[in-house]
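Here are the chains, one letter per residue:
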Amino acid sequence: MRTVIPVENGDALAAARGFLRQLLEAGVVEALLVPMETPSGTITPALVTDPDLLAAANPFAPVMGLNAARVVGHVSVREPRGKIGAVLRSCELRALVELVKLRQASLDDLVTIGVDCLGTYDVPVYVELHGQGQVDMAAYLATAQSGDLSPVEGYAFRDACEMCEKPQVENADIALELFGADLGAGIPITLSDELAEQLGFAPQEGDGRRAEVVEKVVAARTQVRDERFGDIRQRLDEEGIEGVFAACVRCHNCMTVCPICYCKTCLFKSPVFDHEPAQYMNWARRKGATRLPADTMLFHLTRLNHMVLSCIGCGMCTSACPTNLPVGRVFRAIGQQVQAVFEYVPGRDVEEPLPLVTFREDEWMEVGEE
Amino acid sequence: MAEKFEPKIVAFLCNWCTYTGADLAGTSRIQYPPNVRIIRLMCSGSVDPTYVLKPLLDGVDGVLVGGCHPGDCHYQSGNYKARRRIIALKEIIKNAGFDEERVWLRWISASEGQRFAETVTKMTEFLREKGPNPMRQKWAV
Amino acid sequence: MDPQPRIGVYICHCGVNIAATVDVKAVAEFAATLPGVTVARDYLYMCSDPGQRLIQEDIKAHNLNRVVVASCSPRMHEPTFRGAGEQAGLNPYLVEMANIREQCAWVHSDRGLATDKAKWLVASVVAKAARLEPLEAREVGVTPEALVIGGGVAGMTAALDIAEAGFPVYLVERSDHLGGRVADLNRIFPTLERVADLLGPLTERVQSHPNITVLLNTEVTQVEGYVGNFEVTVRGVEEPLGVGALVIATGYDVFNPRRKPELGYGQYPNVITSLEMEHRLAAAEESGPEVLAVNGRLPKKVAFIQCVGSRDVQLGHPYCSRVCCMYTAKQSRLVRELLPEAEVTVFYMDVRTFAKGAEEFYDEARKKRVLYRRGMVSEIYRRGERVILAGEDTLLGRPFDFEADLVVLAVGMEPRADAAELSSLLKLPRSSDGFFLEIHPKMRPVDTAVDGVFLAGCCQGPKDIPDTIAQAKAAASSALIPLLRGTVPAESATAVVDVEMCAGCGMCVEVCPYGAADLDALWNVSRINPVLCKGCGACAATCPSKAIRLQHFTPDQVLAQVDALLG
Amino acid sequence: MKTEPITEQLELFGCIQCGKCTGGCPLARKTELNIRSMIYNMLVEPELDVHAHPELWDCTTCFTCVVRCPKDVRPAELIISLRGQLVESGRIPETIGTALMGIFRQGNPNGMAREDRSAWAQGMEIKDARQGCSVLYHVGCIPSYDLRVQPVARALARALTEAGVDFGTLGTDENCCGNEVRRMGEEGLFEMLVEENGELIRSVGADRLVTTSPHCFNTFKNEYGFDDIEVLHYTQLVAELIEQGRLKFTKEVKAKVTYHDPCFLGKQNGVFEEPRAIIKAIPGVELVEMDRNRERSLCCEGGGGRMWVEGTNKEERLAFQRVHEAADTGAEILAVACPFCLLTLVDAVKVQGLEERLKVMDIMEIVNLAL
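Chains as they are written, first to last, in the working numbering: chain A, 1 to 370; chain B, 1 to 141; chain C, 1 to 567; chain D, 1 to 371.
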């Protein structure tokens, strides 16, 4: 059912908080995983059971310090637990779908509350803006109506957000549909009839501009994406991945923050890559020199092989890179090609099997027969 | 060039088909270039992407993965899984700036000694034509 | 396990097989310089008794904990050298081979290049050997019972043999009676005995045997487990049946000639199948030749057409059905006897009479003036009450339009329409023609890719009754091996899970073709059932963290091998 | 001529000499043509004198031999290949040469002027397909020029218009499809036609290509590599229009009709039911079958270039036999779905003096009577 959360005094954030509170109080969920404003001004996801504490919830906060799908896994993957609601932006919802396929999260007894994403800052940028009192939620939310998404002047959204062509929520149990809406008047939402009844909502149509605005945002973002993909592909062609990632220090941050990289211990931190000193000497002799830490490109290429089909483009890897490598651009640009080969769209559907654990006998019949 | 370039090929062969096919090439005394060095695995489906990536980064000129023809896998479906995995791998390295043509996946049965020898010959010639893997010179990988 | 590898390397001359092309001394000298190598030697024939003794003495004298033999293909002598190592107290899995004969000496002629390649092959295997771990030889117990699917001649024979050896057998038959396709026949070639006289006693013995449980009107719906311990769910039987071995004897389907519309079957009463002819011949024995009448008249000209549905690539039936030549000889001969006035002509492309007594029987048929004309009939159409067979006599090189009153199509065999179901139930491969696939057509004709599952009769391919019975007896004796032995060897180089590293993603469960991987619900980690695991490594290649490793082919072993190849 | 290259190319080694090809060959019964024996010759003799085999021109490429072969040898391809040798040597029947020249110069085997190609449509408004259409109608050479066949094309155009099908033709730019060209052994000219026609037809952007003749249909469908264009014989399209209720009959045709399956539509491409569905849908019509129908239909002897060469036995025409088979059913109309069949059978009815009893009509002409 489509309906609208009423907004008073033009304060959409307050209305959203009220809605979340309602979810807890009506017993729709027993706890809510939601971005919370900490007393120090930063934002972190928290699992909230006390409705009063939701006064600090900020489901629209324009900052992304981690992909919350990871922590949805923490609270959902095993029984027993109660019914939980999780507030997630679109890239987090997509990551969640992949994590469900990888059994690192579960949709059982989970209510996903999706929020259209208007763009996010890296944590240091947000902290700086917050410190200067420049985080104006009303102004930020106002951009949803026209789709002219813009950061505070002089600042930029995260690279991944600037080229995110899927900012709108799909496949959430409850969708907060910000695009095209006058959020000062009300927040359009879509939810099941059952839930709507439980919460006392009656059907109400918004002004219907969402599709149009989404199309506009997607078009603009797609253009940026294609330009950046073009740039990075040219660099990869010319310099190779070893050139683009030349400054890598193999800190594994990209892997640590990646919502898809779910391994408990990365293969590259395992004894398999714990070489004898004589081995390093041997490599140094073989090519005259050998980069240290060793196996740096092998790490990136192996990681690509392990996760790129599921890469949903949240760009946390870029945000986390201490040497500002365009990890996300590289992975997304490559991911786009590989996903196309398998006609796989990560995050689309939990029923869609992961491409590398399935096969058809009659596919690619020409491969191997030359 | 002082010396003629001779490519180095690492081959991962499944125990039941291609490795046995290579044995048959041997017992049939079918000659092929000595550029290939074989590692025996149980199934093409056990070829990990890292096994292919590691030699490529180290400067090997070509990697051959050999398995049973579709429908003939000793383990029922390992070759089908290998097919997808190698297709993904090749697409990834191609887009990462590598020459994916250095990686060959071939179905060669236990009775195809001739085909094994021909494959090695073709691959050697192909790589001679292509020249050395640039990674031979690159230490910063 | 000694932390430091002490490797012995043995380079075999194989007479001159290797030594003529590879400088074995140089390879041995090179091997001695490799990390971890304690001793390196060359010898004329490593596989000979003195060669093996050399290794065994070195193991003791030098306290070797790994052995590398560079000689022929491991597919040839790996068991030999593993055995030699084991006798000297070394775990057999710590013996590894480099193949410098098939992969080097026999396929290259340049001595320098071949020697060079041999060195790197040895280096590669030495690098792997240094990282080898001992593995346990494993045996598992066996449920001393068997199950046979299919109650035809093949299934009954197999069941009877197993039962006679003293083991309980379940005989699962889908229909309401035993006897299978053979029960549909009247007389058999080459003896012309009545089927009822042969089948009756066999059926009686099966039904009354204390060790055989006949389950009519039932079918197998699920098979779980592995050699020695299968759990078979049978529709109509409450509890799953635990058995140690399975014999598949599900038979065949008769080709339906409507798939060759040009032959007019189903359109003209003059055109019948050989099976319909069999029924008419049976009836004729009871009530006289009148049952052979077509359109109310006894046929004056009877034609038999061979190879209908067989040897036909267009139908996906490239094979010979192996019985049609002989049953046609039988039927044509019986027609000559029943209708002495009738002309009987057999149209054929080749006559195959390989079974014992078959050629003699064929001779008899011709002596009884059954006329064999070489040339296939291309199409059949009507002329009045008769039909015209249009074809070519290829010996005369002339087309013919042959008028006949009665035409018998020698229909062949094809895989059962439900073969695919059983195939997926058991993960039993089929050959391209759709019959169940034996492991090797000559050497292992009753074994399948699934250990403990054996084939009998026409489910594996067309055959006559003696061949069917021979194969059924072979399948029974193969099935008896695990039952009599009481245990079965299990693959040692299985996949293993490091539960500390496993994140429980379940991809291994998805890719395992044997159902050997399973998620432990309590700990949310993967568990590999070593008895089910065949060691293919699909799970290990899929597991991104390598929480699953395929023993004997672990990433550090393989990567070390790769690295060593490069020098 | 050396036999080995052709034996290799056509994989004749697969032949087991079973005789089904010659056994089913309608020409083998009346001429020296014996394809099985020809294959055997190719296998065992190093040389073959192709000029000593005038019966090579008897083959109608009906493909019964190909359809019947249990070993997937394609016997008729050997004849085509040997004809190719003859074409290359230049020693071919004069009438075949004239037909090929006509196609090369004027785009049709009769050598009629290109600019007259759309004369069949005089007085009708037919769209130029290049203005955009969903169905491209390839009329074909015979329906374009032959006065007896033109009404078939007109009837089809009328039916398509009435059913509201968005179709067009290439007008005078339409060219011979080349089906017969290839079968007469002129591979070079055929390849040229495939390239030119292929490009022209693709440029139209239509989803479907429909033909009057099963011969055009066959080559477009199987030899042009049109991946994105669905090639249809008109009987398929018309049967579909009737089934969808887009083509409605308003009149009755009181007649007993039998139907002759054209080789290129029936046994070569498996289109058996659609023509029958059309006939059965016409009000008043009773369909009766000849004994030899569908897979066993007797060739009319018009294919494979036989429209332009008499063959070695012109006295016993298959068409003669066929019209008697048709007349014996008691049918008044012998329905066909191929321009060649129409011409050969019309002629046979005259020669055999059956004009009073039997009328040969294309299915489209019968449809036209009922619209």
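These are computed hints drawn from the structure, not numbers from a lab.
Wrong hints could be hidden among the right ones.
Calculated cross-link-like contacts (lysine-lysine; reagent style DSS-like; alpha-carbon spacing at most 30 Å) [claimed, not checked]:
| # | chain 1 | residue 1 | chain 2 | residue 2 |
| --- | --- | --- | --- | --- |
| 1 | B | 122 | A | 269 |
| 2 | B | 130 | A | 287 |
| 3 | D | 71 | C | 442 |
| 4 | D | 359 | D | 254 |
| 5 | B | 138 | A | 287 |
| 6 | D | 30 | C | 300 |
| 7 | B | 130 | A | 216 |
| 8 | C | 25 | B | 4 |
| 9 | C | 301 | D | 30 |
| 10 | A | 287 | B | 122 |
Far from chain C, by Cβ distances over 12 Å, these chain A residues were calculated [to be verified]:
| # | residue |
| --- | --- |
| 11 | 73 |
| 12 | 136 |
| 13 | 173 |
| 14 | 208 |
| 15 | 214 |
| 16 | 271 |
| 17 | 278 |
| 18 | 322 |
| 19 | 353 |
Computed footprint of chain C on chain B; a stretch qualifies when at least three of its residues, placed anywhere within it, have a C-beta under 8 Å from a C-beta of chain C [said to hold, decoys possible]:
| # | stretch |
| --- | --- |
| 20 | 72–80 |
| 21 | 101–107 |
| 22 | 126–140 |
Here the structure is a predicted model, which means the values were calculated and not measured.
Where is the CB? At the ideal position from N, CA and C, for every residue including glycine.
Hints and how they fare:
1. 122/B x 269/A: violated, 39 Å
2. 130/B x 287/A: Satisfied, since the Cα-Cα distance of roughly 21 Å is no more than 30 Å.
3. 71/D x 442/C: Given pair residue 71/D, residue 442/C holds - Cα atoms ~25 Å apart, limit 30 Å.
4. 359/D x 254/D: holds, 13 Å
5. 138/B x 287/A: At roughly 7 Å apart (the allowed maximum being 30 Å), residue 287/A and residue 138/B satisfy the hint.
6. 30/D x 300/C: holds, 28 Å
7. 130/B x 216/A: violated, 46 Å
8. 25/C x 4/B: holds, 28 Å
9. 301/C x 30/D: Distance of about 25 Å is within 30 Å: holds.
10. 287/A x 122/B: holds, 28 Å
11. 73: Incorrect as stated: the minimum Cβ-Cβ distance to chain C is 10 Å, not above 12 Å.
12. 136: holds, 41 Å
13. 173: It holds; residue 173/A is separated from chain C by about 24 Å at its closest Cβ, greater than 12 Å.
14. 208: holds, 42 Å
15. 214: holds, 33 Å
16. 271: Label violated. Min Cβ-Cβ 7 Å, cutoff 12 Å.
17. 278: It is violated; residue 278/A is separated from chain C by about 7 Å at its closest Cβ, not greater than 12 Å.
18. 322: Label holds. Min Cβ-Cβ 24 Å, cutoff 12 Å.
19. 353: violated, 8 Å
20. 72–80: holds (count 5)
21. 101–107: violated (count 0)
22. 126–140: It is violated, with 0 qualifying residues against the three required.
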